[in-house]
Amino acid sequence: MLRARVPNNVVAVRRISSSAGQLFATTRNIDTRPQSASPVHAAHSNLGSRFWQLRPLATVATSTSPTAQQLPHSMTLPTSTETFDTRNFELLQRVKLDYADVEVTKWRSKVTGLTVVHIDYDAPIVKGYFVLATEIFNDSGCPHTLEHLVFLGSEQYPFKGVLDNLANRAFSQGTNAWTDTDHTAYTISTAGSQGFLQLLPVYVDHILYPRIADADFVTEVHHINSKAENAGVVYSEMQGRQNTAGDLMHHKMQTLFNPPGSAYRSETGGLMEALRILKVDQIRDYHKSYYVPYNLCLIVSGKLKTPELLHVLQTKVEPRIIEHGQVKPSAWKRPFVETPSAQKPGLKGITKATVEFPEQDESAGEVAVSFQGPEPEKFTELKAMEMLGLYLTDSPVSPLTKEFVETANPLCTYIYCDSEERATFTSNNIYFGSVPTEQLDALHKKVIAKLKQIVVDGVDMDRIRLVMKRDKLKLKSMLESDGGDIFSTGLITDFLYGKADGSDIAPSLAEMKRYEELEKWTAKQWEDILTKYWIEGPSVVVGARPSANLQDKLETDEKARIEAQRKSLGPDGLVKLEEELNRAKAEHDRPIPREMLTSFPVPDVKSISWIQVQSARNDPFSAKVGKTGSGLQEHLDKDPVDLPYFIQYDQVQSDFVTVSAYLSTTSVPDKLRPYISLYLSSFFALPVTRPDGTKISHEDLVKKLDEVTVAYEANCGISGYFADTIRVSIKAELSRYEEVVGLFKDLMYAPEYTKDRLEVNVAKILQSLPEQKRDGNTIMMAISNSLTYKTNKSVSNSGGITTQMEFIPELAKKLQESPDEVIEHMKEFRKHVASPRGIRFSVTGNVLALEQPRSAWKKNFQEIKANSLEPVSWSKDVLSALGKRPKKKAVVVSMPTIESSYAIHTAQGVVGFDHPDYPALRLACEVLDGTESFLWKLIRGSGLAYGASMSLDAESGLLSFLLYRAPDSYKGFQAGAKAVRGLVDGTIELDETALDAAKSSLVFSLTHRVASPGKAALDSFVNQVLKKVPQDHGRELLDRIQAVDLEGVRRALKTQVLPLFDPATSIAVVASSASKSSEIAEGLKSSGFDVEVRTLDFSGEEDMEDSGSESGSSASS
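Position 187 (the sequence shown) corresponds to 187 in the UniProt record's numbering; numbering is contiguous.
Among the hints, erroneous ones may be present.
[Said to hold, decoys possible] Computed list of lysine to any residue pairs in SDA-like fashion (alpha-carbon distance at most 25 angstroms, straight line):
| no. | residue 1 | residue 2 |
| --- | --- | --- |
| 1 | 1028 | 912 |
| 2 | 695 | 754 |
| 3 | 452 | 568 |
| 4 | 745 | 672 |
| 5 | 378 | 537 |
| 6 | 96 | 745 |
| 7 | 474 | 519 |
| 8 | 887 | 1046 |
| 9 | 1054 | 1009 |
[Claimed, not checked] What follows is a list of derived Cβ distance ranges for each label pair:
| no. | residue 1 | residue 2 | range |
| --- | --- | --- | --- |
| 10 | 110 | 333 | 48 to 56 angstroms |
| 11 | 319 | 655 | 43 to 51 angstroms |
| 12 | 333 | 362 | 45 to 53 angstroms |
| 13 | 1046 | 862 | 34 to 42 angstroms |
| 14 | 813 | 552 | 29 to 37 angstroms |
| 15 | 99 | 332 | 36 to 44 angstroms |
| 16 | 837 | 707 | 14 to 22 angstroms |
Simulated from the structure, these hints should not be mistaken for laboratory data.
Every residue gets a Cβ at the ideal spot worked out from N, C-alpha and C, and that includes glycine.
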């Protein structure tokens, strides 16, 4: 899907991320998981930086080594004793980092020009980023459409889905890709190197020699359906993004910032009007020009033998390149570097523009400012700009954040800085979100005035040193969790723009050297660079203004366009197009030869290497607790302090410690539950008054947090579960352990709820609501939760957007009229969630290195004592009547701000993570929605939606089917029902090959959450304390899943999944464009649902328009 352009610049990814929808407060365990309402304050890198970027470690699995006889001839790999012939490749650079156990080597083939970079570090996960510089000088979308078509078969493997099916068999979850302004990257992550090396030649064959058939274009890119509507996977993706504020602003910025003739001005995703006239031959021609071996860099991160990698390329990939005669022509020009795109921007002064975006709520917009930054080779200045961005925005006490966000009348609700590197220049960008419409034009002038004032007053050298210190710690933390993979982004940039011999790699990765240089800078040097680039340097300012009139115009124009298209094509033309689409679908339905799949062996689950976690508890409430005899327990016994509350210690190897408090919300009175958003957003932003009378201002508290911690956060839910449990976490160096415990006491028991601070936090929440209301997935999830859960019994649901739309404006009013009442409500809320009876503490990290793991608590929490411990609240405990027995109800929400639809269908599943039916049902869900599996083929493959997925929530006992960016979600629902019914009645074959692939994918999925020491320690706590299963539940579940056979999956599909598509046993919620809502409602009604149509009223309430059927009872009561 198209990622948000602000703040990130990636324009397209192939698969939906797990955080595709953003809700106001954390919701239930649905695959499209939202973030919480609360801010996460952490030292962080500039994600647009050339140098390094956080990427999650995929898994901790390793694969077995199949024998050569098990592999197809073309995939035969050398045995461990074989000598690797790598004569084609010459070593360009070898860089050994002095601050991490990471070595980077860069190679180039003397025969084909293929470039290879290996980031070698000790990790069981091997990741590949296969990158091409993709330059285009128009908005046709060729780079993006080609990215999609690559996956639909190649010369050697001419079947749709074969690549992902093979990836699924190698302890992976399929492949992925993204298209950016200047490159396209194809990705794969496997457990161990064997599966990676097996798949590599197949993947490169798809990249260099895709089939790009006419049928592929019809379904994947664009077609016209029988109703004369434009559809297709890429088209529906762009339909959902093109008129959003972020995309419109980004496109305008590119056009104004870059000179005419530059490819940086182009919309690589493809504008809808361009996609409608795009021809497949244009894409084929584009592929011939740019998808050539001398424009391809294979970046591989993880532990494997570099000679073996090069040998596989030399013997399995390069012969195919030689066959095709792809020799680098003398006239070849390096994209961007040797083309008109290398021209520097000719910016003078300040260039301003405003774009309108469709939105009925015209109260808030957005602003982006781009400054021309240092030249790309000035690494120290680039790092300085990154540090300045953090200095200005990364904390509530940062100058810009304090001035524009932390105020009772905020000029925005967040500020974000990043940078972009191009061939001959860089840009530094600042984004301002949820800006009051009346401030859109004036904001930039105020920002510049503030920057000038900072220079006059002088840069706070203590703070900038603290910013750099935290940034170094964050880098250390990222290296611990992700290893050398964090450098992959910078190495992509080096391939695009760096010197061809790789000589820029060493200086670009010399992070510690730059920190050392910047630590010597004087205040004047910081002030000078701020003045040079951000105050006096040329810039472009783009504001995004909401427009209700534009929304009406777009809807009217689209209906007229489709009607004109229908008339132009005529009945015969539409019939021909329908026949063309059906032929394309039939082409894609051709089965992949089974031997092509089974020739790739599935690794043995027993080969997985798990991170070891030791656990020990301080649990005065359980009589079952005994001495475990572990090294951790012995260490705790050396600090013999009795603590009258629950603490679990989880030991992993780490340079950090994370202290967390899990707070129960069960006892919170119903009327106070909506205060959850204010409680979370205020948690780290209030003054403190200690029992001894000591007062700490909110600014001093924030400064202390910045000084002591690496990261801190407060939110609802843990890893997508237990949404009615509050989790507060602080991560710090081991030496800061006791200080962290002390901070917890201040934050939990000594906050001072003052009117002025509450005003600031309420104002920020209030101003952020319009932006949240624009997202269809957000609204769909919120309405669904309101049906299945009792809102008045759930803080998570009370913190959802639909509840907050009504509550927050009233709260803001009450805070002015009766501030004491609000303050008392906040105190009462805090009293309930901080009750010792509902608190479970957690300490994870290198506990064995803590001298006093218990005494630190005794010193700070002497007064805290409880006689019992409340049970952990599960989602099943707050289900509504409709949630307990889903049936008949369907709600279609008409939204003026979206152009596609989002849907969730919900039925009963199983309760309990150890339920005997859970493994088979989990496997059945994976069989359905794995990459290139049944839902993918019937829904995405037919252009019915950008994504379709299953969600199994054993905490609530609910099973869900979700559709993401569907032109018509009802058609997607029908296709999903067809898939399940076919698998149940046998008209669609389910064989061992599909089962093996699903099991292999689940290995990847289940081990992903324990991929790093921190994740493994968190999983240990969640399993034992919250889920009430053994610490190694993941390993046990994998064994149980491996034992499930075809009959077990068919039984789960029939008894558990099929009811999901029956109105008698399910409910549905759809968020749809206004033009499609009636049609979708009629479809659901014809299936047997009692349909209610709602139109969001942005005044704060919802206008309910009954479609004529029974509306059903409210599930919120």
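Evaluated hints:
Between the alpha carbons of residue 1028 and residue 912 the distance comes to roughly 9 angstroms, so the proposed pair stays at or under 25 angstroms and holds. Between residue 695 and residue 754 the alpha-carbon distance is near 13 angstroms, which keeps this suggested pair within the 25 angstroms criterion. For the hint pairing residue 452 with residue 568, the CA-to-CA distance comes to about 59 angstroms; that exceeds 25 angstroms, so the pair is violated. Restraint check: the Cα-Cα separation between residue 745 and residue 672 comes to about 23 angstroms, which is no more than 25 angstroms; the hinted pair holds.
Pair hint residue 378 plus residue 537 holds up; C-alpha atoms about 17 angstroms apart against a cutoff of 25 angstroms. Taken as a hint, the residue 96 and residue 745 pair is broken in the structure, with Cα atoms around 44 angstroms apart against an allowance of 25 angstroms. Taken as a hint, the residue 474 and residue 519 pair is honoured in the structure, with Cα atoms around 17 angstroms apart against an allowance of 25 angstroms. Distance hint between residue 887 and residue 1046 is unfulfilled; the C-alpha atoms sit about 29 angstroms from each other, more than 25 angstroms.
Between residue 1054 and residue 1009, the direct Cα distance comes to roughly 29 angstroms. Violation of the 25 angstroms bound is thereby established for this hinted pair. At roughly 21 angstroms, the beta-carbon separation of residue 110 and residue 333 lies outside the given 48 to 56 angstroms, and the hint is violated. At about 46 angstroms, the beta-carbon gap between residue 319 and residue 655 stays in the expected band of 43 to 51 angstroms. Judged by the Cβ atoms, the range 45 to 53 angstroms given for residue 333 and residue 362 holds: they are separated by roughly 47 angstroms.
Remark: the range hint 34 to 42 angstroms for residue 1046 to residue 862 is contradicted by a beta-carbon distance near 60 angstroms. Here the CB-CB span from residue 813 to residue 552 is close to 31 angstroms, well matched to the stated 29 to 37 angstroms. Here the CB-CB span from residue 99 to residue 332 is close to 38 angstroms, well matched to the stated 36 to 44 angstroms. Range check, residue 837 to residue 707: about 33 angstroms between beta-carbon atoms, so the 14 to 22 angstroms window is missed.
Consistency with the previously given hints fails for numbers 3, 6, 8, 9, 10, 13, 16, ordered from lowest to highest.
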